[in-house]
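Chains as they are written, first to last, in this note's numbering: chain A, 504 to 727; chain B, 358 to 629; chain C, 837 to 1057.
You may find that some hints are simply not true.
[Claimed, not checked] Below, simulated BS3-like cross-link-like pairs (lysine-lysine); rule was C-alpha separation at most 27 Å, straight line:
{"no.": "1", "chain 1": "A", "residue 1": "Lys-637", "chain 2": "B", "residue 2": "Lys-498"}
{"no.": "2", "chain 1": "B", "residue 1": "Lys-486", "chain 2": "A", "residue 2": "Lys-637"}
{"no.": "3", "chain 1": "B", "residue 1": "Lys-453", "chain 2": "A", "residue 2": "Lys-637"}
{"no.": "4", "chain 1": "A", "residue 1": "Lys-715", "chain 2": "C", "residue 2": "Lys-994"}
{"no.": "5", "chain 1": "B", "residue 1": "Lys-488", "chain 2": "A", "residue 2": "Lys-637"}
{"no.": "6", "chain 1": "A", "residue 1": "Lys-554", "chain 2": "C", "residue 2": "Lys-899"}
{"no.": "7", "chain 1": "B", "residue 1": "Lys-400", "chain 2": "B", "residue 2": "Lys-616"}
{"no.": "8", "chain 1": "B", "residue 1": "Lys-489", "chain 2": "A", "residue 2": "Lys-637"}
Simulated from the structure, these hints should not be mistaken for laboratory data. Just so it is clear, the structure is predicted and the values come from calculations on it, not from any experiment.
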Amino acid sequence: MDVTSILAEWTPYLIGGISLTLGLVAIALGIGVALGLPFALVQVYGPRPAKAAISAYAWFFRGLPVLVLLFLFYFGIFPAMGLDLPAFFVGAAVLGLRGAAYQSQIFRGAIQSINEGQMIAALSLGMTRLTAIKSIILPQSLRIALPGWSNEYPEILTDSAICYAIGVAELLTRTSQIVAVTYVTMPIYLCCALIFILLNYAGMRVIHVVEKRVAIPGFGAGAG
Amino acid sequence: MWSKKELPSRASGQGQDSPMKDDAFVLRVEDIHKKFGTNEVLKGVSFNVRKGETIVFIGPSGTGKSTLLRCINQLTIPEKGRVWLHDDEVTNSGPKISYFRQKIGMVFQNFYLFDHLTAVRNVEIALLKVKKMDPESARRKALYELEQVGMKGWADHYPAELSGGQAQRVSIARALAMDPEVILFDEPTSALDPELTREVLEVMKKLAKSGMTMLVVSHEMGFAASVANQIIFMENGNIVEQGPPDALLYDPAYVRTRKFVGQFADLTQRKD
Amino acid sequence: MEPAGFITDILIPALSQGLVVTLQLIVLSAPFGLLLGIGISLGRQYGGKNLSNICKLYVIFIKGCPLLLLLFILYFGLPSVGITLTAFAASVIGFILCNAAYNSEYIRGAILSVKDGQTIAAQALGMTKWQVIREVVLPQALRRAIPGLSNEFIYLIKYSSLAYMLTVIELSGAGKLVATKYFAYNEVFIAVGIVYLALVTFTTVAVHYLEKRVAVPGMIH
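Use the sequences and the hints to build the structure in full.
This is how it looks when you write it as structure tokens:
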């Protein structure tokens, strides 16, 4: 049995795995931003108890291994809440919640790096804090956060493989299936590695293009 | 605290130019106290401002002059004291402070232009977000104000691409666009190289002559001598002396004033 | 079985055994991961064109490849080319390779941040290339890289849990076995989580002291 025929036969199966992997990543990144950005705003502008709560959240989700979080939520927390979620959604949720923990710190750093004069000037023109945050602080801090944030993509992409442990049929799981069935190991595994590397590269290219398109002359790391 | 030389003929603020016809005060500042930690920076400052007056605050660094300006538009909240714009109280006004900040413009030492916006966008953003103007009118007004400060040709440039003097002029346009009644200038040229200071002072002179009410904290004695209606000398959180430039700069009543002003003797040679 | 008994008679012994294995994994992986990381960054920065490219490709491969996949390759894949490793050995080697790749990036960044003048002055004094690296560049670069390196060390602590996927019964594996047997998922994994949090927090504090102890006055990090 040679490698090329195996690959040809199993390609559709692998593609299914790739789409699940990308699905996990997309949902996780979405949750990460949707939660991470508000969390960051609360940590910079919010009342002290809220700040502490979010610090605790970040400490918890960043301090635990992904594997332990997956086990905890899949076998423990969600069933205890009465939720019978498929493994895919548990995986996406865990990666998302963890992503939010990391991203809240990235956004927080970016927001805090903005010179306080920007807020002062905005207030002096009669803007409310909220308007100032929306029109002045966020447009700048999101651009500043982009390089640090872009590390989230490779990280979540490689972490998605850990969802193997709770049986999500993503790329690594399916690769293992193929190996188990065909008894061909190295070539298949290396193909899988290659696919991950290419997905990584493609994603980073996209982010790079976005970075270029939103860039502002003279603005960015080192300015302000 | 009023200078010994506040005789009736001079006390009404008639300096070199007589800009106003009525006696109403645009701004009244009463007994401002401000502490930072244990350090009392303002120890009871009061003064009044007439329409069209240009008042320049001088004094050693760290005597609370900038803090005083920030207490007027409530960017800093004083422990004690009140401020009125015409008959409306600015202090303790809650959410209405946004309205007052539209009427009281401010120009900062470090410009604080919005780094992510072009010059024209910097000038128009508050018109759009605070005054809720429609985009066309806002753009027209913004370009008009940029032209007033001589920066219309740089409308589409970002702050990083402007020199200090250019940036400061844009920031003056940004304050002007709100059609304020008073503009506060917080050491507007202190962060600029000497060559660039001139272009900003020219804009400020033009503004003063056009009748704008201005409060200026500055070390530029030449500007104070030629443009101010009143000079207020502050030291240690108090007003020491106040009066028209002729009196305060060349023949002050208090020794402390004399000592401070004496450092700038060459700059305060009578000009014009 | 009542909770107190469960905890003392079953949970704590099991987790302790698992913790010992976790610590063994970490203690073996970390030093070699650091050394290999230094080696790769030096190879990349100072090696000839070929060595530099090999190091670059190595880093790209490891960074793009999930750690779990790397472990599978080492444990399930290598036997087909004649190399059979125990699960423990495969785990340690995988952790070393992964840790080294990320370490080398931090160290490389730190090397690049050492001012040119430093190496020029050293060369002017007659030092050879390797002397310059050993005496001038590395001492500064490694200090600057401490935040990044300690970050990677913390990752090592957490990702050591993946050894369970190769059937090494480390901390999380021990927890999973107990939890499955006694249907006590929440309790067990919260306990496991607490141990990891303790390890991570302890490391963070220890690194803080380390940074202070090796700091050179006036040298900006």
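Between A/Lys-637 and B/Lys-498, does the CA-CA distance stay at or below 27 Å? holds (23 Å)
B/Lys-488 paired with A/Lys-637 [C-alpha distance capped at 27 Å]: Cα-Cα ~16 Å, so holds.
Restraint check for A/Lys-715 with C/Lys-994, where alpha carbons must lie at most 27 Å apart: Cα-Cα ~35 Å, so violated.
Below or equal to 27 Å on CA atoms is what counts here, so check B/Lys-489 against A/Lys-637. The hint holds at about 15 Å.
Are B/Lys-400 and B/Lys-616 close enough, with their CA atoms no more than 27 Å apart? holds (21 Å)
Are the Cα positions of A/Lys-554 and C/Lys-899 separated by 27 Å at most? violated (33 Å)
Is the Cα-Cα distance between B/Lys-453 and A/Lys-637 27 Å or less? holds (20 Å)
Pairwise hint evaluation, A/Lys-637 against B/Lys-486, where the allowed Cα distance is 27 Å at most: Since the Cα atoms of B/Lys-486 and A/Lys-637 sit roughly 10 Å apart, the hinted pair holds (cutoff 27 Å).
Violated hints, in rising order: 4 and 6; the structure is consistent with all others.
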